[in-house]
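K.L.:
Residue numbers (my numbering), protein chains in the order written: chain L, 19 to 549; chain A, 19 to 549.
Quick caveat, the hints were computed from the structure, so don't treat them as lab data. Hints may be right or wrong, so weigh each one.
With a straight-line cut-off of 25 Å between C-alpha atoms, the simulated DSS-like cross-links for lysine-lysine are [stated by the list, open to error]:
hint, chain 1, residue 1, chain 2, residue 2
1, L, Lys-186, L, Lys-340
2, A, Lys-85, A, Lys-132
3, A, Lys-282, L, Lys-229
4, A, Lys-282, A, Lys-250
5, A, Lys-221, L, Lys-229
6, A, Lys-229, L, Lys-250
7, A, Lys-320, A, Lys-289
8, A, Lys-229, L, Lys-282
9, L, Lys-229, A, Lys-374
10, L, Lys-492, A, Lys-395
11, A, Lys-229, L, Lys-289
12, L, Lys-250, L, Lys-221
13, A, Lys-62, L, Lys-85
14, A, Lys-395, L, Lys-517
15, A, Lys-517, L, Lys-395
16, L, Lys-229, A, Lys-289
Residues per chain, in single letters:
Number of protein chains: 2
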Amino acid sequence: MGSSFKERASKNLLSCDNTGGDAHFRRTENDFSNMYARDLLPAKNGEEPTMQFLLEVVEILTTYVRKTFDRSTKVLDFHHPHQLLEGMEGFNLELSDQPESLEQILVDCRDTLKYGVRTGHPRFFNQLSTGLDIVGLAGEWLTSTANTNMFTYEIAPVFVLMEQLTLKKMREMVGWPNGEGDGIFSPGGAISNMYSVMIARYKYFPDVKTKGMSAAPRLVLFTSEHSHYSIKKACAALGFGTENLILLSTDERGRVIPADLEAKVIEAKQKGYVPMFVNATAGTTVYGAFDPINEIADICEKYNMWLHVDGAWGGGLLMSRKHRHKLNGVERANSVTWNPHKMMGVPLQCSAVLVKERGLLQGCNSMCAGYLFQPDKQYDTSYDTGDKAIQCGRHVDIFKFWLMWKAKGTVGFEQHIDKCLDLSGYLYDKIKNREGYELVSEGEPQHTNVCFWYIPPGLRGLPDGQERQERLHKVAPKIKAMMMESGTTMVGYQPQGDKVNFFRMVISNHAATRSDIDFLIEEIERLGLDL
Amino acid sequence: MGSSFKERASKNLLSCDNTGGDAHFRRTENDFSNMYARDLLPAKNGEEPTMQFLLEVVEILTTYVRKTFDRSTKVLDFHHPHQLLEGMEGFNLELSDQPESLEQILVDCRDTLKYGVRTGHPRFFNQLSTGLDIVGLAGEWLTSTANTNMFTYEIAPVFVLMEQLTLKKMREMVGWPNGEGDGIFSPGGAISNMYSVMIARYKYFPDVKTKGMSAAPRLVLFTSEHSHYSIKKACAALGFGTENLILLSTDERGRVIPADLEAKVIEAKQKGYVPMFVNATAGTTVYGAFDPINEIADICEKYNMWLHVDGAWGGGLLMSRKHRHKLNGVERANSVTWNPHKMMGVPLQCSAVLVKERGLLQGCNSMCAGYLFQPDKQYDTSYDTGDKAIQCGRHVDIFKFWLMWKAKGTVGFEQHIDKCLDLSGYLYDKIKNREGYELVSEGEPQHTNVCFWYIPPGLRGLPDGQERQERLHKVAPKIKAMMMESGTTMVGYQPQGDKVNFFRMVISNHAATRSDIDFLIEEIERLGLDL
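One chain only, chain L, in its complex shape (with noise of 0.2 Å):
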């Protein structure tokens, strides 16, 4: 009781094999140069190494940890490919057919860690997935040593439980009555959003598991131009062309107008298609916008069309009461994508598919494998989820998403949000009046992006037209491309339509600031003041 922590988690880490005495820990770094993946366990008394190694890589990635948090620790260290492929120093990327030493394996991960790329970072603003939640770590770390697989109750009790119990909740929260439908875990909003295809199909065209394309009419399906590429993806994998995909407008908000998709559906029936989908986006990738669900939803009830809402990235406002609002009428959605590794700061992979009629997953999917899905097993194997799935083997994403649920609950979550909002908020009125700067639209942020161009000085004089607009288009690629090398920060950047290139600012890093935020526009102009 009285011992120190240091004593303690010492002892404990390292009581594996005390018998010999403390002679067995006076090592060295060193020593792992005459050690050898072969000297770990199982070997014969690898106990003892496999603990001082593990306790090595511990070091290594708690350092990690610590410096992603640290604001004078860089980004990243960047270099070209070819430079890492050419061997930095100590650093060889290529594979032998002899092994190396576990020094040697030791170095290799900090020099991997080294020239990544630190996605936990404060100033790391490159992507929708950002930052380094340490319960969500905690829960890697653990679902990579349990080493398992959803696809049975058999090997995986407690995580099916866990994915059974958390996709009900998501579907409370999306405001099914009493969390009904059905659900699963899969590797990515792109895949979750095929998988929405996919049940669509299943449930107007049911033959076309069995007989094929050609048992079904000539089906059209509607998204966003503004909506994520998988919507195409899936179109062009599951064989009903892209050009079936029937592009909406937007207003200048990139909100989908309803009413172009009523007159684009009438267009199509009048062509001999059959509009069978429709994808309302809560969230766009570039924007944020959230598209009207309600209104979308009459339209999909009126002409008896799927209602899918990809909330891959808006999908985490549902747990803030200030912000759910945006996503309004998600329950009259058929089918839900909603990846609570994007706004909600879980550890990558984490995508769910929401479905709000129980059994079209498993009709859609399952091939009853005998070898797999033995219906004579002593426990509920109604428990089993693998035949639900396009997977057979499937991760386990679930654990590190249900123990930041624990650790936060779901307010923790909302606050988190709120947060995040609050800050793109504060980034929006920072720059809306501010000499150099031009927002791509108008109004306060509907989720946390911020979309705009830095203006250089030396552009700031010229008249509209097309040399400021193909000099302009050139500005953010430079500014990003030398933030890179310097390594302080990383935002994003992209044309869209025919809007030259420009920033686009997202906030889901629980470490960021408004220090980091003010740092950001300082870098932008520190960087771009003589373009």
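Mind docking chain A on chain L? Use the hints.
P.N.:
Chain A in isolation, oriented as in the chain L frame:
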């Protein structure tokens, strides 16, 4: 230099903030009861609690690792779903609005492992993926800590290059000149097989991508009646229809009969179908059979069909000079699935699809999303892999594999595979003439699969006939159920075709020894004695 490892480890791990003296570290476990997730980084003064919490998690995990390799530990502590759902003492799966203390989170971590299944235990034989490789585990821990995404070089420079080099090495082992070609790591063998079907379709009928399946003639695909169900799932998902997947007959060892393929190709053509794709399995799920690739390749060439080799399970044998002949002809394949997470003991998930012709993956899947794959980046964007994938975000599955390859060398994988196949030979020799055993097929095992019936004494005198078959059908499930209840070992069973339930023993665990095989047989006989 002279300090003990214990001291050094704890000093380094906890050196984060020792300015306040040792008082900071005088904590007992109970202290976590007043700590919450909000006290961890990025919280102010969060560094020390973070390190303490992570170290405590590591202690739980390393204890689990040690016990996993300890044969006096059970493989599992079985509970029915309703038991776990009702809540075990102190372990409540339900999620709540308010946060739990970190103490509870640590208890949850312990309980999650306690009620799970030790897939790394030397006596866990239940799946094709078993074992807990320590270097692979370290690799997963690092991957979780890096928490990034494979879609662009920009945010995963090192991992993207590792993937590229490793895929090239795998293609070399397949036998493609200079390792040329393409490939990608995907979330499991089912998705890798799905890729192969998509790419084949794109190669022959590229218009399907834009126009849908109506742009192709009536297509048929071929695979063994013993092949993995993922080929069928792909046919359902991609719009071919499962009825257009033609199952090929096999010989008594479970290998495709080439003449049957040719006959069915001719028959399909006569009916007006276009034969497009043949899947040859290298290591079937149940029998471990290797289809004769060369003879199948001859037919594919003759009729201009895509040849895919599903080596999810058997691909690992390419690493063994002794056993790789079983895949002779694999170099003639157009695509190959190979799951290092199966026979090579890499932690889940790690699956690759390799493609002989460069450009097809990109052509098939690219949608050129400007917001992710900006052409005006400062580096060579051909390293951005995202547009090759059907996913958008993609988990980093490469690092653990790369690190294991470094640590073991190619020779280390070879030794692992040779050892597992030796063990299956040992099992085969042990039971082939043993009283109470019948092998499902004659002859030395092709892979590590050994399929057999155990005939309890009470059934041995029965004449072959319906009664004996019906009773024998119930033997394996009963023994398996008792095994799980007692937690001593786990092995799979299933029926196949007209064969009643039999055990399928597979060995991929590097911790398994002959004594574990002996134990399994003793256990089957002990539990099955009175059936």
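K.L.:
Now look at each hint and say whether the structure bears it out.
P.N.:
Hint check:
As the CA atoms of Lys-186(L) and Lys-340(L) are separated by approximately 22 Å, the hinted pair is consistent with the 25 Å bound. Taken as a hint, the Lys-85(A) and Lys-132(A) pair is honoured in the structure, with Cα atoms around 11 Å apart against an allowance of 25 Å. The hinted pair formed by Lys-282(A) and Lys-229(L) meets the criterion: a straight-line CA distance of about 18 Å does not exceed 25 Å. Proposed proximity of Lys-282(A) and Lys-250(A) is supported: the alpha carbons are some 17 Å apart, at most 25 Å.
At roughly 22 Å between alpha-carbon atoms, Lys-221(A) and Lys-229(L) fall within 25 Å of each other, so this suggested pair holds. The suggested pairing of Lys-229(A) with Lys-250(L) holds, with an alpha-carbon distance near 12 Å, which does not exceed 25 Å. Taking the CA atoms of Lys-320(A) and Lys-289(A), the gap is near 18 Å; set against the 25 Å cutoff, the hint holds. Taken as a hint, the Lys-229(A) and Lys-282(L) pair is honoured in the structure, with Cα atoms around 18 Å apart against an allowance of 25 Å.
The straight-line distance between the Cα atoms of Lys-229(L) and Lys-374(A) is roughly 30 Å, outside the 25 Å bound, and the hint therefore fails. Only pairs whose Cα atoms come within 25 Å are accepted, and Lys-492(L) paired with Lys-395(A) is accepted, the gap being roughly 10 Å. Between Lys-229(A) and Lys-289(L), the direct Cα distance comes to roughly 16 Å. Compliance with the 25 Å bound is thereby established for this hinted pair. A threshold of 25 Å between alpha carbons decides the hint, and for Lys-250(L) with Lys-221(L) the separation of about 20 Å falls inside it, so the pair holds.
About 14 Å separates the Cα atoms of Lys-62(A) and Lys-85(L), which keeps this hinted pair within 25 Å; it holds. Restraint check: the Cα-Cα separation between Lys-395(A) and Lys-517(L) comes to about 18 Å, which is no more than 25 Å; the hinted pair holds. Only pairs whose Cα atoms come within 25 Å are accepted, and Lys-517(A) paired with Lys-395(L) is accepted, the gap being roughly 18 Å. A C-alpha spacing of about 16 Å is found between Lys-229(L) and Lys-289(A), which places the hinted pair at or below 25 Å, so the restraint holds.
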